[in-house]
Structures are given as structure tokens and as C-alpha cells.
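Using the sequences provided together with the hints, build the complete structure.
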Amino acid sequence: QTLKQFEDINIIVKLHPGTTYYNISELVKEISPETSIFKSEDIFNILKKSDVVIALNYSTAILDAMILKIPTMLILTEKQNYENESMLQKNATLVVKDFDMIKNSIKNILNDNKMINTLIEKANQFVKEYFVNHGTSSYSLKTILDK
Numbered sequence: 111q112t113l114k115q116f117e118d119i120n121i122i123v124k125l126h127p128g129t130t131y132y133n134i135s136e137l138v139k140e141i142s143p144e145t146s147i148f149k150s151e152d153i154f155n156i157l158k159k160s161d162v163v164i165a166l167n168y169s170t171a172i173l174d175a176m177i178l179k180i181p182t183m184l185i186l187t188e189k190q191n192y193e194n195e196s197m198l199q200k201n202a203t204l205v206v207k208d209f210d211m212i213k214n215s216i217k218n219i220l221n222d223n224k225m226i227n228t229l230i231e232k233a234n235q236f237v238k239e240y241f242v243n244h245g246t247s248s249y250s251l252k253t254i255l256d257k
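Start counting the sequence shown at 111; every next residue gets the next number (the working numbering).
Quick caveat, the hints were computed from the structure, so don't treat them as lab data. Treat the hints with care, since some could be wrong.
The following label-pair restraints were derived from C-beta to C-beta distances [stated by the list, open to error]:
1) GLN235 <-> TYR132: 15 to 23 Å
2) GLU117 <-> THR228: 21 to 29 Å
3) LYS257 <-> ILE119: 45 to 53 Å
No more than 20 Å apart at the CA atoms, straight line, and that leaves these computed lysine to any residue pairs for SDA-like [to be verified]:
4) LYS213 <-> GLY128
5) LYS149 <-> GLU117
6) LYS114 <-> GLU151
7) LYS217 <-> ILE185
8) LYS200 <-> LYS159
9) LYS200 <-> THR246
10) LYS207 <-> LEU166
11) LYS213 <-> THR145
12) LYS217 <-> GLN111
13) LYS114 <-> GLU239
14) LYS179 <-> LYS114
15) LYS207 <-> GLU239
16) LYS179 <-> ALA165
17) LYS200 <-> GLN190
18) LYS179 <-> GLN111
19) LYS139 <-> THR170
20) LYS179 <-> THR246
21) LYS207 <-> GLN111
22) LYS159 <-> GLU140
23) LYS238 <-> SER196
24) LYS232 <-> ASN221
25) LYS114 <-> LYS232
26) LYS159 <-> LEU186
27) LYS114 <-> SER169
28) LYS217 <-> ILE122
Each residue gets a CB set at the ideal place from its N, CA and C atoms; glycine is no exception.
In C-alpha cells, the structure reads:
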């Protein structure tokens, strides 16, 4: 409902591909019938169409978006001690812990170029620090498997 308050945005929902405890597809379609919902599609193809990624839980989709230099926002819907994760500690993603912060945070991640650039910069630093074999990961994996 909050996203619908912003003009000129297309909402895409990517659900976890496996079985989940609850399915939010019906709720999403009820609130926003025009929203595209994907479940088994390749995340890379969806991310290529995205200007911002908003996750409702700690997810590899955030890491994928960071690698592609897409600003990210994580809404912590429940307390799960993700607050201590290094990605959050390094401010590589915009973290929303309070429902009252959602609208303003979305406004900022869509419009505040300084914040967007800072998020991308910090995400790049995080990726460089915590991932190895940049640009050669497939070759490195093949080498390990060949051994």
C-alpha cells in the first residue's frame, strides 16, 4: 500500500522459490492487481529491470542486487538478530526496523541521490571485502572441482 503512494513506479514481487509458510500472492494482488509476481524466474533477469530492491527479510537477493550496484532496503519485519550481520553493521543496505519509517525510507531510496550513491558505495565496499574471486569465480570454482 505504501509503494502505491509513489507515482511512476512498477512494483515487482519476487517470492522465494521454495515452499514457504505462507503465500502472500493473493494479498499482493488484492492490494495491487497490476503488480507482477514471480516465483521461479531467474532473479538476475528480474534484477536487471530493477532500480531498487526492497527485501522483507535478510536475503541473497540483497547480495545479488549489491553485486549489480542496485541500492537495497531491508525491512526487518520481526526480530531475528539480523541486526548484527556485517552487511547491516556496515550500512551497505538501508535498514527499516520500525513500520513508521517505511514511507520516508522508500521516498529516500527512490529520490535521494546522495543516499542512493552512498548505499551503492558501501555495498560495493561490502562486496569487495566479503566476496572473493571477483570476475573469476566460475574459473576458480572449476579449478577447485577439477582438483
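Tested hints:
| no. | hint | result |
| --- | --- | --- |
| 1 | GLN235 <-> TYR132: 15 to 23 Å | 35 Å, violated |
| 2 | GLU117 <-> THR228: 21 to 29 Å | 24 Å, holds |
| 3 | LYS257 <-> ILE119: 45 to 53 Å | 48 Å, holds |
| 4 | LYS213 <-> GLY128 | 29 Å, violated |
| 5 | LYS149 <-> GLU117 | 25 Å, violated |
| 6 | LYS114 <-> GLU151 | 24 Å, violated |
| 7 | LYS217 <-> ILE185 | 14 Å, holds |
| 8 | LYS200 <-> LYS159 | 26 Å, violated |
| 9 | LYS200 <-> THR246 | 25 Å, violated |
| 10 | LYS207 <-> LEU166 | 11 Å, holds |
| 11 | LYS213 <-> THR145 | 18 Å, holds |
| 12 | LYS217 <-> GLN111 | 14 Å, holds |
| 13 | LYS114 <-> GLU239 | 36 Å, violated |
| 14 | LYS179 <-> LYS114 | 24 Å, violated |
| 15 | LYS207 <-> GLU239 | 25 Å, violated |
| 16 | LYS179 <-> ALA165 | 15 Å, holds |
| 17 | LYS200 <-> GLN190 | 18 Å, holds |
| 18 | LYS179 <-> GLN111 | 26 Å, violated |
| 19 | LYS139 <-> THR170 | 24 Å, violated |
| 20 | LYS179 <-> THR246 | 18 Å, holds |
| 21 | LYS207 <-> GLN111 | 18 Å, holds |
| 22 | LYS159 <-> GLU140 | 23 Å, violated |
| 23 | LYS238 <-> SER196 | 13 Å, holds |
| 24 | LYS232 <-> ASN221 | 18 Å, holds |
| 25 | LYS114 <-> LYS232 | 28 Å, violated |
| 26 | LYS159 <-> LEU186 | 24 Å, violated |
| 27 | LYS114 <-> SER169 | 23 Å, violated |
| 28 | LYS217 <-> ILE122 | 17 Å, holds |
Violation of the numbered hints given earlier is confined to hints 1, 4, 5, 6, 8, 9, 13, 14, 15, 18, 19, 22, 25, 26, 27; the remaining hints are satisfied by the structure.
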